[in-house]
Amino acid sequence: MNTAEGFAEGHRIDAAGARMGMWIFLFTEVLFFGGLFLIYTVYRVRYGAAFLQGGRLMDTAHGIANTVILLTGSLTIALSLALLRKGKRGLSLLAQGLTVLLGVFFLAGKYVEYSAHIGHGLYPASPVLLGMDKGKILFMGLYYVMTGVHALHVLIGVAVISWTILLTARQKITPRDTIKLENTGLYWHFVDVIWIYLLPLFYLIT
Amino acid sequence: MAQQEIALPNISYRTYVLVWIILLALLAFTVAVAELHLTGLLLLTSIFIATLKAGFVAIYFMHLREEPWVLKGMLFFVLFMLAVLILLTFSDEWYREG
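Chains A and B, in that order, are what the protein sequence lines are. If you use our numbering, the first sequence closes out at 1092, no skipped numbers anywhere. If you use our numbering, the second sequence closes out at 522, no skipped numbers anywhere.
None of these hints come from the bench; they were simulated from the model. These numbers come from a predicted model, not from an experiment. Treat the hints with care, as some may be off.
In the DSSO-like style, the derived pairs of lysine-lysine whose C-alpha atoms are separated by at most 30 Å in a straight line are [stated by the list, open to error]:
#, chain 1, residue 1, chain 2, residue 2
1, A, 1058, A, 996
2, A, 1066, A, 972
3, A, 974, A, 996
4, A, 1022, B, 496
5, A, 996, A, 972
6, B, 496, A, 972
Looking at chain A on its own, in the form it has when it is part of the complex:
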């Protein structure tokens, strides 16, 4: 990518430095989600059977659909950067818009999923859930926290990409200075990677 160091549009740019800063932030996110994954791993080892049963409460099709959505979203934002760097601003805006749309689809899917679970009485501290064994309570609790926090990250990503769309349209992000879009892309890909791990943990336990 462009490790331009110098001046563009009157202000100093250091793309390599800015990218490294973003990666360092992502490292803190790795530890953040890593802690949650650690909790999941410990309780899965302790309550293996209950976790398997909990997995049957999940809709695998939803999980797979959401994975396809996010993987495609990673493609579109990667393309949007490549397009902009080749000077194709209009197409880049289209690709960024598609990414936002896919993010919104993901969130809409989570809404439908959570609604279904809550409709069945499976929400934290619900009478139905409290009537189940400890392992199942832990599984559902981890499900809500981990996918919920992830969904929050998707929401933030949607907001940030909407902002880069504005900046790209106003030519504050240009083919010579793409760092804001690059870093936004890094964040979005990271959110995708987290979901790649969440899928087998909650949706593919059989």
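We have chain A; now place chain B onto it with these hints.
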């Protein structure tokens, strides 16, 4: 500082699409493996395939391939520390009574 613009090679659209197809194929593979009901090995196999997918996203979409070794080293260190965190926790979990 010297004003220099080092333009690293552009990744072609085709490469991005190809990686996306590989990711979708790995997803299909993950689902197929889950259907095999391997139970014990399932978690490890799923995590392994997930790591492959994450690797593709990191190397090609996140442009890790073009980044300097310092950054690649930092990432490996962070992942190593996470692995240590998990392993140390289990060194307690597996051998504690009760």
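**OP:** Enumerate the violated hints, using their earlier numbering and listing them in ascending order.
**Re:** 1, 3, 4 and 5
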